[in-house]
Amino acid sequence: MADYKQYKQQVLSGETTVVRTVQDFLAKAIQQKHLNAFIELWGEESLMRAAQIDLQIAEGKGGKLAGMVIALKDNICYKGHSVTNSSKILKGFESLYSSTVVERIIAEGAVIIGRCNCDEFAMGASNETSAYGPVLNARDNTRVPGGSSGGCTVAVQAGMCHAALGSDTGGSIRQPAAFCGQVGFKPSYGRVSRWGLLSYGSSFDQIGPITSNIYDCALLMEVISGTDGKDATASSNKVEDYTDLQASNKPLRFAYLDTCLNNKGLDEELRTQSFAIFEQLKALGHTVETVEFPYLDYLVPAYYVLTTAEASSNLSRYQGLTYGYRTEEKGDLDSLFKKSRSEGFGREVKRRIMLGTFVLTSDFYDAYYTKAQKVRRLIQESTEKILESYDFIITPTTPSTAFKFGEKTKDPVAMYLADIFTVQANLSGHPAISIPAGVHSNGMPWGIQLMGKQFGEKKLFSFSEELSKIVSP
Amino acid sequence: MEESIYDKYEPVIGLEVHSQLLTNSKAFCSDPIEYGALPNTQVGVISLGHPGTLPFHNKAAVDLSIKMGLACNCHIREVNHYARKNYFYADLPKGYQITQDKTPICFDGFIDITTKDGVTKRIGIERIHMEEDSGKSMHDQDVFDSLIDYNRAGTPLMEIVTHPDFRTGEEAYAYISLIRQMVRYLDISDGNMEEGSLRCDANISVRIKGVEKFGTKVEVKNMNSMRNVQRAIDFEIKRQIDLIEAGETIISDTRTFDAQKNLTISMRSKEAANDYRYFPEPDLPPLMVGRDWVARIKEQMPELPAQLAARLIEEYNITAYDAQVITELKETAYYFLEICKHTNNYKSAANWLMGAVKNYMNQQAVELKDFPLKAAQLAEIIKLIDDGKLSNSAASQVLFPAFCNKPESNAAALAQELNLIQESDEGSIKPMVEAVLAAWPDKIMEYKAGKKNLMGLFVGEVMKRSQGKADPKLTNKLLMELLDN
Amino acid sequence: MEITNDAIDKLAHLARLEFNGADKESIKQDLTQITAFCEKLNEIDTTGVEPLIYMSTETNILRDDIIVEEITHAEALKNAPKKDSDYFRVPKFLDK
Chain G
0 MADYKQYKQQ
10 VLSGETTVVR
20 TVQDFLAKAI
30 QQKHLNAFIE
40 LWGEESLMRA
50 AQIDLQIAEG
60 KGGKLAGMVI
70 ALKDNICYKG
80 HSVTNSSKIL
90 KGFESLYSST
100 VVERIIAEGA
110 VIIGRCNCDE
120 FAMGASNETS
130 AYGPVLNARD
140 NTRVPGGSSG
150 GCTVAVQAGM
160 CHAALGSDTG
170 GSIRQPAAFC
180 GQVGFKPSYG
190 RVSRWGLLSY
200 GSSFDQIGPI
210 TSNIYDCALL
220 MEVISGTDGK
230 DATASSNKVE
240 DYTDLQASNK
250 PLRFAYLDTC
260 LNNKGLDEEL
270 RTQSFAIFEQ
280 LKALGHTVET
290 VEFPYLDYLV
300 PAYYVLTTAE
310 ASSNLSRYQG
320 LTYGYRTEEK
330 GDLDSLFKKS
340 RSEGFGREVK
350 RRIMLGTFVL
360 TSDFYDAYYT
370 KAQKVRRLIQ
380 ESTEKILESY
390 DFIITPTTPS
400 TAFKFGEKTK
410 DPVAMYLADI
420 FTVQANLSGH
430 PAISIPAGVH
440 SNGMPWGIQL
450 MGKQFGEKKL
460 FSFSEELSKI
470 VSP
Chain Y
0 MEESIYDKYE
10 PVIGLEVHSQ
20 LLTNSKAFCS
30 DPIEYGALPN
40 TQVGVISLGH
50 PGTLPFHNKA
60 AVDLSIKMGL
70 ACNCHIREVN
80 HYARKNYFYA
90 DLPKGYQITQ
100 DKTPICFDGF
110 IDITTKDGVT
120 KRIGIERIHM
130 EEDSGKSMHD
140 QDVFDSLIDY
150 NRAGTPLMEI
160 VTHPDFRTGE
170 EAYAYISLIR
180 QMVRYLDISD
190 GNMEEGSLRC
200 DANISVRIKG
210 VEKFGTKVEV
220 KNMNSMRNVQ
230 RAIDFEIKRQ
240 IDLIEAGETI
250 ISDTRTFDAQ
260 KNLTISMRSK
270 EAANDYRYFP
280 EPDLPPLMVG
290 RDWVARIKEQ
300 MPELPAQLAA
310 RLIEEYNITA
320 YDAQVITELK
330 ETAYYFLEIC
340 KHTNNYKSAA
350 NWLMGAVKNY
360 MNQQAVELKD
370 FPLKAAQLAE
380 IIKLIDDGKL
390 SNSAASQVLF
400 PAFCNKPESN
410 AAALAQELNL
420 IQESDEGSIK
430 PMVEAVLAAW
440 PDKIMEYKAG
450 KKNLMGLFVG
460 EVMKRSQGKA
470 DPKLTNKLLM
480 ELLDN
Chain V
0 MEITNDAIDK
10 LAHLARLEFN
20 GADKESIKQD
30 LTQITAFCEK
40 LNEIDTTGVE
50 PLIYMSTETN
60 ILRDDIIVEE
70 ITHAEALKNA
80 PKKDSDYFRV
90 PKFLDK
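Residue numbers (numbering that gives the first Met the number 0), protein chains in the order written: chain G, 0 to 472; chain Y, 0 to 484; chain V, 0 to 95.
A portion of the hints provided could be inaccurate.
Which stretches of chain Y does chain V cover? Using the computed rule of at least three CB atoms under 8 Å from a CB of chain V, they are [as the list claims (entries may be wrong)]:
| hint | stretch |
| --- | --- |
| 1 | 53 to 62 |
| 2 | 285 to 292 |
| 3 | 408 to 420 |
The calculated SDA-like cross-link candidates involving lysine to any residue, where the alpha carbons are at most 25 Å apart (straight line), are [to be verified]:
| hint | chain 1 | residue 1 | chain 2 | residue 2 |
| --- | --- | --- | --- | --- |
| 4 | V | 39 | G | 410 |
| 5 | Y | 84 | G | 331 |
| 6 | Y | 329 | Y | 84 |
| 7 | G | 452 | V | 48 |
| 8 | V | 81 | G | 326 |
| 9 | V | 91 | Y | 257 |
| 10 | V | 77 | G | 40 |
| 11 | Y | 297 | Y | 59 |
| 12 | Y | 84 | V | 8 |
| 13 | Y | 115 | Y | 167 |
| 14 | G | 78 | G | 5 |
Listed below are several chain Y residues computed to face chain G (Cβ distance under 10 Å; list not exhaustive) [said to hold, decoys possible]:
| hint | residue |
| --- | --- |
| 15 | 42 |
| 16 | 47 |
| 17 | 86 |
| 18 | 87 |
| 19 | 88 |
| 20 | 93 |
| 21 | 94 |
| 22 | 98 |
| 23 | 102 |
| 24 | 106 |
| 25 | 145 |
| 26 | 147 |
| 27 | 277 |
| 28 | 282 |
| 29 | 364 |
| 30 | 471 |
Honestly, the hints are just simulated from the structure, not real lab data. Glycine included, each C-beta is placed from N, C-alpha and C at the ideal position.
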């Protein structure tokens with residue numbers, strides 16, 4: 000698929016129009032309905048908007064994203080549009096305001112084509128928990144696309160839009176990107192405002208782009224990043240020009256985690272392939288060294304204690320009070336809450352709410368929650384320390400390629416371990432990207448992940464551009 | 000005095016006061032907070048707990064909380080965290096309240112209360128913390144449903160918690176009155192218990208005097224006036240003692256006060272203790288309150304009632320009683336000070352303020368800010384009296400009401416117009432006095448025989464002859480002189 | 000960690016969820032398994048380590064006390080499951 004720069008050229012030269020592009024995307028989306036990537040297509044309004052953008056471009060007034068067709072994960076608010084987090088509990092809910100990211104991309108001329116299927120309340124790694132049914136990996140329909148931003152990623156993968164905005168709490172952008180051969184970016188914590196993102200793990204969540212190439216990803220990040228006076232946790236750190244993808248031309252230092260590359264859960268082929276990439280980097284004059292990271296086995300438990308604790312509180316607002324699903328059954332107030340929530344939420348969500356409630360109860364708070372917070376500090380400090388001596392941490396994004404449907408749904412812990420290489424960046428707050436690294440002998444794509452320094456998005460993008468040329472010339 | 004059973008026991012009471020703050024907008028969002036607005040018109044996506052919304056703290060709420068802390072002699076905390084208190088209720092849209100759990104912004108303070116009999120007592124303030132209010136529910140409008148109005152949801156609150164230093168309902172009354180006065184003085188709150196901008200809950204237990212161990216604590220809520228706080232506590236103390244004397248145990252429950260029947264009733268909640276699962280609020284970074292910030296607030300603080308009263312007694316030589324009445328409200332005290340800029344007769348100023356002005360306000364049902372006369376104008380009246388040109392009665396009964404109706408004029412001109420300027424020239428009064436005495440020879444005899452109250456008659460007759468203008472004091476003096484020889 | 004039926008009932012009540020029959024057994028097993036998994040954290044020595052609470056280093060992020068009204072009365076009530084022209088409605092309950 001054409002990247003945004005090429006596409007913009009085509010529009011300017013008259014080869015195509017935004018309207019035609021949107022029409023094509025809509026047609027592709029409808030043709031590939033079986034993938035179940037989109038919950039709702041906003042066809043009519045997209046076409047009207049496309050027409051407006053064509054005019055703007057013709058008048059030389061096009062914005063930075065003029066004509067870029069973007070899909071939204073079903074947990075990002077867009078005023079006047081439905082947002083449901085792929086859950087029955089928000090069925091029919093229409094947002095009264097737009098998220099900051101939506102306001103910013105619209106201001107720059109993007110066309111929002113629809114909202115995408117995801118794991119319910121962003122809790123999952125396979126897009127199998129959605130109230131709308133699973134999303135299929137376009138490369139192999141018997142396999143999962145990854146999650147929770149499965150729908151978004153398949154929308155890009157199957158050419159139904161230029162790019163998508165998803166969210167990443169434990170790997171929900173990067174893991175599906177790896178499974179579907181796309182680029183997925185998780186910003187540094189606080190880089191992008193969470194205003195209008197349905198909260199899951201407040202101190203983990205970030206909105207990020209899913210694209211087919213590095214440039215588009217960097218461009219979107221330039222537009223959506225920065226404070227907004229609405230999210231008190233957003234960083235006032237300066238937003239740099241991420242699209243300046245100038246190669247550094249000096250040798251860089253990469254660290255790979257011993258416990259990660261030696262992990263018995265890591266697919267053998269991915270291991271060899273990763274090492275092959277390391278060799279390529281070394282051949283180019285870079286340093287690639289193993290570092291100790293004793294916390295790998297503790298990443299996922301720490302992640303689950305902390306995110307479920309935050310989620311158990313964040314999801315309390317879904318109670319059928321001022322909006323959302325309310326049970327039809329008669330009863331008192333407590334019964335209203337219990338039945339609405341039990342009928343409205345799916346199994347995985349309820350599981351996580353229960354776990355989160357458990358770790359916050361006064362009896363267990365210290366043993367689980369405080370303990371996990373302490374472990375988080377050790378993880379953060381350790382990651383920080385590695386990145387003091389190295390430019391990037393490099394690992395495969397996932398332990399395996401996309402697995403088959405139903406393979407991990409019986410054992411919640413097995414599913415949780417799919418996130419083992421991605422959760423570190425959410426625990427520590429560092430930015431991380433997954434770029435397509437090749438194709439496995441089973442025919443499925445896989446991704447290589449780079450973690451950079453805090454607010455080191457610029458360097459991360461410029462090297463990713465280089466790396467993508469190395470791994471898939 | 001007979002020793003009763005009740006004297007054997009020592010009541011132990013702590014109070015939790017919630018006060019709304021007089022900010023323009025809510026604690027964590029920008030909705031307005033005017034009292035009495037139409038239901039659900041002062042709400043927004045944040046206060047309704049909509050998906051994807053985040054809190055953002057109001058700086059003014061912090062300023063006001065620091066102000067109260069300083070007034071209560073508290074330490075102001077430097078590193079503040081916010082916490083979530085998790086529970087489900089119809090008036091709580093997010094399913095949690097944002098509050099401060101382990102790091103209240105003010106702590107370890109005290110205020111001194113004075114009870115009716117003049118005894119002063121120090122009440123320890125354990126903490127003052129910031130939080131947000133919930134919505135309001137109504138249960139009597141419909142058969143099947145309760146109606147919820149979220150206008151109040153998110154209004155900034157401060158919670159003031161005392162040590163269990165109270166021993167009587169009366170002490171509690173003195174405390175809540177003082178808190179109310181303080182928040183009004185400091186423009187922190189309008190302190191209105193009936194409207195709910197000031198609320199009080201009590202934790203009450205009793206123990207045998209001399210015993211260290213605390214008795215079982217009972218919480219009493221819904222005491223929606225200062226007197227009800229006193230009554231509820233008095234009732235509850237007696238209830239607990241009666242139970243113990245009857246050999247029963249006190250159940251640690253939550254009770255509501257029934258003002259009609261003057262008793263506390265158990266609210267019989269289903270769960271013995273709700274686990275609120277407090278944890279640090281991840282959506283709000285810490286609040287650092289440094290010395291500069293505290294100093295700035297301290298600099299801008301007005302005098303507190305006690306300080307002001309002391310100053311009035313010291314500098315203006317008014318009685319302690321007068322000082323207390325005048326400093327009841329900040330507005331009255333500052334009005335008094337203003338009058339005193341224009342006259343040295345501070346005592347008179349106090350009397351006028353507490354007498355005529357207060358009566359006017361009561362009759363017209365207005366507050367001092369709507370009183371028609373400026374402080375300087377009141378001083379004009381006082382000057383006329385002090386100069387002997389106006390009698391007190393003429394001033395208060397005729398000039399004052401007229402002046403209130405015509406505030407654009409001035410006292411001297413109006414008094415002149417109304418023919419009130421009294422005759423204080425001895426030369427003009429003496430003939431009238433002589434004439435009156437000449438007309439009543441029998442009464443003079445009765446007076447000299449001992450009926451001294453006939454003086455009133457003589458004065459009255461002189462006043463008639465002078466059409467009310469004779470200076471009554473002078474008249475009296477002249478009559479005495481003439482009669483006594 | 001062994002999770003009992005009683006514990007499930009208490010947690011479910013706190014979270015305003017209900018589990019009946021097979022679901023209850025299922026959630027009990029899930030929680031037992033997941034909490035056991037999380038207990039792995041006890042293998043790490045965290046003596047003297049401060050809990051990590053905030054991900055950002057910024058403090059005093061406060062706003063000015065200005066009123067901003069962004070939605071109308073009608074919009075506020077729009078998504079309510081039960082309402083009248085003025086109020087949100089729920090089944091009658093007693094004040095606590």
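Hint-by-hint comparison with the structure:
1. 53 to 62: holds (count 7)
2. 285 to 292: Held - the stretch 285 to 292 of chain Y has 3 residues with a Cβ nearer than 8 Å to chain V, which meets the minimum of three.
3. 408 to 420: violated (count 0)
4. V:39 to G:410: It holds: about 18 Å lies between the C-alpha atoms, which stays within 25 Å.
5. Y:84 to G:331: Since the Cα atoms of residue 84 of chain Y and residue 331 of chain G sit roughly 23 Å apart, the hinted pair holds (cutoff 25 Å).
6. Y:329 to Y:84: violated (36 Å)
7. G:452 to V:48: OK: residue 452 of chain G and residue 48 of chain V at ~23 Å, within 25 Å.
8. V:81 to G:326: The given pair, whose Cα atoms are some 11 Å apart, holds under the 25 Å limit.
9. V:91 to Y:257: holds (21 Å)
10. V:77 to G:40: holds (23 Å)
11. Y:297 to Y:59: With Cα atoms ~15 Å apart, residue 297 of chain Y and residue 59 of chain Y stay inside 25 Å; holds.
12. Y:84 to V:8: holds (21 Å)
13. Y:115 to Y:167: holds (12 Å)
14. G:78 to G:5: violated (31 Å)
15. 42: Cβ of residue 42 of chain Y sits 9 Å from chain G, so the hint holds.
16. 47: Nearest chain G Cβ about 5 Å off; hint holds.
17. 86: holds (9 Å)
18. 87: Holds, about 5 Å.
19. 88: Hint holds; residue 88 of chain Y Cβ to chain G Cβ min 8 Å, cut 10 Å.
20. 93: Constraint on residue 93 of chain Y satisfied, holds at 5 Å.
21. 94: holds (2 Å)
22. 98: Hint on residue 98 of chain Y: violated, closest Cβ of chain G at ~13 Å, above 10 Å.
23. 102: Where the cut-off is 10 Å and the nearest Cβ of chain G is about 16 Å from residue 102 of chain Y, the hint is violated.
24. 106: Status violated, d = 22 Å.
25. 145: Since chain G brings a Cβ to about 8 Å from residue 145 of chain Y, closer than 10 Å, the hint holds.
26. 147: Cβ of residue 147 of chain Y sits 8 Å from chain G, so the hint holds.
27. 277: Given a least distance of 8 Å, the restraint on residue 277 of chain Y holds.
28. 282: holds (6 Å)
29. 364: With a closest approach of 39 Å, the residue 364 of chain Y hint is violated.
30. 471: violated (71 Å)
Figure legend: structure checked against the earlier numbered hints; hints not met, in rising order: 3, 6, 14, 22, 23, 24, 29, 30.
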